[in-house]
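Sequence order for the protein chains is A and B.
Position 93 (the first sequence) corresponds to 93 in UniProt numbering; numbering is contiguous.
Position 176 (the second sequence) corresponds to 176 in UniProt numbering; numbering is contiguous.
Here are the simulated DSSO-like pairs of lysine-lysine, each with C-alpha atoms no more than 27 Å apart in a straight line:
1) K237/B x K101/A
2) K93/B x K188/A
3) K168/A x K93/B
4) K177/B x K89/A
5) K182/A x K95/B
6) K168/A x K95/B
7) K89/A x K235/B
8) K161/B x K168/A
9) K182/A x K93/B
10) K182/A x K71/B
11) K71/B x K168/A
12) K235/B x K101/A
13) K177/B x K168/A
14) K161/B x K29/B
15) K206/B x K101/A
16) K188/A x K95/B
17) K182/A x K161/B
Partial selection, computed: residues in chain A whose CB lies under 10 Å from chain B:
18) E79
19) T106
20) L159
21) S162
22) I164
23) N192
24) R197
The set of hints was computed from the structure by calculation and includes no laboratory data.
Using N, Cα and C, we set each Cβ at its ideal position, and we do this for glycine too.
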Amino acid sequence: MLEDGLLLLFMHTNMAEPMELLCWGGDWDLPSVHTDSLIVLAYAKFSGAALAVKSIDWTWRTITASVPQLHFEGSTVTEPTQILNFLRKQRFNADYELTAKQGADTMAYIALLEEKLRPALLHTFWVDAENYANLTRPWFTSHSPFPLNFFVPGRQASLALSRILLTKAESPLLNITEVEGKIYSEAKECLNLLSHRLGNFHFFFGDRPTSLDAFVFGHIAPLIKAPLPSGQLQKHLNQLDNLCQFCNTILKNYFTDASAEKRMDCSPTATHDPVDANLQKLTQLVNKESNLIEKMDDNLRSSPQHRPHRHDTKPSAPASENSTRA
Amino acid sequence: MSLAAEAFVSQIAAAEPWPEKATLYQPLKEDQILLSDSASSLAVQTFLRMCGLPVQVSCCANAEYMSPSGKVPFIHVGNQVVSELGPIVQFIKAKGHSLSDGLDDVQRAEMKAYMELVNNMLLTAELYIQWCDDYTATEISRPRYSSPYSWPLNHILAYQKQWEVRRKMNAIGWSGKSLEQVYEDVSQCCQALSQRLGTQPYFFNKQPTELDALVFGHLFTILTTQLTNDELAEKVKSYTNLLSFCHRIDQTYFKEDKGSRSV
Chain A
1 MLEDGLLLLF
11 MHTNMAEPME
21 LLCWGGDWDL
31 PSVHTDSLIV
41 LAYAKFSGAA
51 LAVKSIDWTW
61 RTITASVPQL
71 HFEGSTVTEP
81 TQILNFLRKQ
91 RFNADYELTA
101 KQGADTMAYI
111 ALLEEKLRPA
121 LLHTFWVDAE
131 NYANLTRPWF
141 TSHSPFPLNF
151 FVPGRQASLA
161 LSRILLTKAE
171 SPLLNITEVE
181 GKIYSEAKEC
191 LNLLSHRLGN
201 FHFFFGDRPT
211 SLDAFVFGHI
221 APLIKAPLPS
231 GQLQKHLNQL
241 DNLCQFCNTI
251 LKNYFTDASA
261 EKRMDCSPTA
271 THDPVDANLQ
281 KLTQLVNKES
291 NLIEKMDDNL
301 RSSPQHRPHR
311 HDTKPSAPAS
321 ENSTRA
Chain B
1 MSLAAEAFVS
11 QIAAAEPWPE
21 KATLYQPLKE
31 DQILLSDSAS
41 SLAVQTFLRM
51 CGLPVQVSCC
61 ANAEYMSPSG
71 KVPFIHVGNQ
81 VVSELGPIVQ
91 FIKAKGHSLS
101 DGLDDVQRAE
111 MKAYMELVNN
121 MLLTAELYIQ
131 WCDDYTATEI
141 SRPRYSSPYS
151 WPLNHILAYQ
161 KQWEVRRKMN
171 AIGWSGKSLE
181 QVYEDVSQCC
191 QALSQRLGTQ
201 PYFFNKQPTE
211 LDALVFGHLF
221 TILTTQLTND
231 ELAEKVKSYT
241 NLLSFCHRID
251 QTYFKEDKGS
261 RSV
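Here chain A stands alone, though its shape is the one from the complex (with noise of 0.2 Å):
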């Protein structure tokens, strides 16, 4: 918790406007690991919105709230379309040079990707035993507090289902078996077509990343990045380079702050490198003397700095270092 109030502070330190967002925390070098919250994080982050950006794990709002949802001056927006259009009235607006039809396109493609890759995705995650069982359940049971996570994974998983169903299933036979070939071929055809579109450029509209952008990295990078022990459709999408190159651009020119900051969050049993438990005793120095925060902000925001101070305490003994690591 304590770690969780110093990201807050490294975040804070440079933010003007205070807008809040909630969302469902990192894993997997992704920001987020939740489709929606990581279309609003990549927007706002295409856009400059500074957000404070505040994870629901181990928390009751894992159960109370909808995420993401954004909180600003008293007012609460949730859903991806939403946050998005708040955010252009706020003046951050990430589409401003699209042209007319680029715009009816970005619309076209987000209806795409929400009817056809939307239920598979759903279906790799919380309806596929293998997935569910070992990746799942126990990362979502991992970030809910007790008695929480008894509740949240079953409640998310039974939402999946009855909405892949309602929407993909015919009616008189409604058996997900039936559905599932269906489904993954769309989604396969769904991310075939993307990948057509992209082509060779960056974004999918030029060279500045835009709302669709944000929505298609929001879909896909949980696929690419999750460590699925069954799945047909990210072997699919591993094929599709463009897609694969497409994530990793925006995630290194847009998230890789995130992702180091993240690296420092996470709990000390999942952490084996050495450096990673460095950046931990750092922390926790840190926590006693409150004047040093400045100086640690100045240290990791600037990368040259960062890397040989890596490199230097690498070679050290990590016996040692597990030892003192408290």
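Please build the complex by placing chain B on the supplied structure of chain A, with the hints as guidance.
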């Protein structure tokens, strides 16, 4: 149907030419059919006319239950039954007729994206207005849907259908929307379509495709169906190029029925 069965069926389909007596089934036109079903049916009919394939339209009260997927319209060709525009387009492609062969990959991606936009926004909005808006549901949808049946079956079926649609709206997150928001969504969808169409005769310049058939089906039905208020039609009418698009397709493909239709 599993993917292997579908592939098998389409191979069989490819072997036979289009028969004389192909039939399209939809609910009763005057009394029973609702806005969304009428739009889907008109889209399929337009597509078949664009391909130059003759089909007889047959109106049955139980069309929905005859359909293999539970949705109308469906076509009965030879000894196969195919429902909904997407599978019908693929079926007809297997028979060697296609409207979108001339498109390259990027254009095909765009076409599919716009078709999903129409399905996602327009069709869902039509279903919402019919079944989730209490006034319309009570005055129009429930009486019409259950008109061929006697009491108490008419009440049971109507409420069952309403419950199903409301469940679906709940699952996709539309149940929290107000009617004004739905009209606003329709307006945005029409704006996107209007901007994409521009001044061209069809969405992909000179040749009509299944996207044109789908858009025509929905827009024409919205313009010509009498609901409790005219707000939906007004939203569409504010885009003049869409109006002339509908008029043009009506003139080109439905001219023999010209006497019975008017925009």
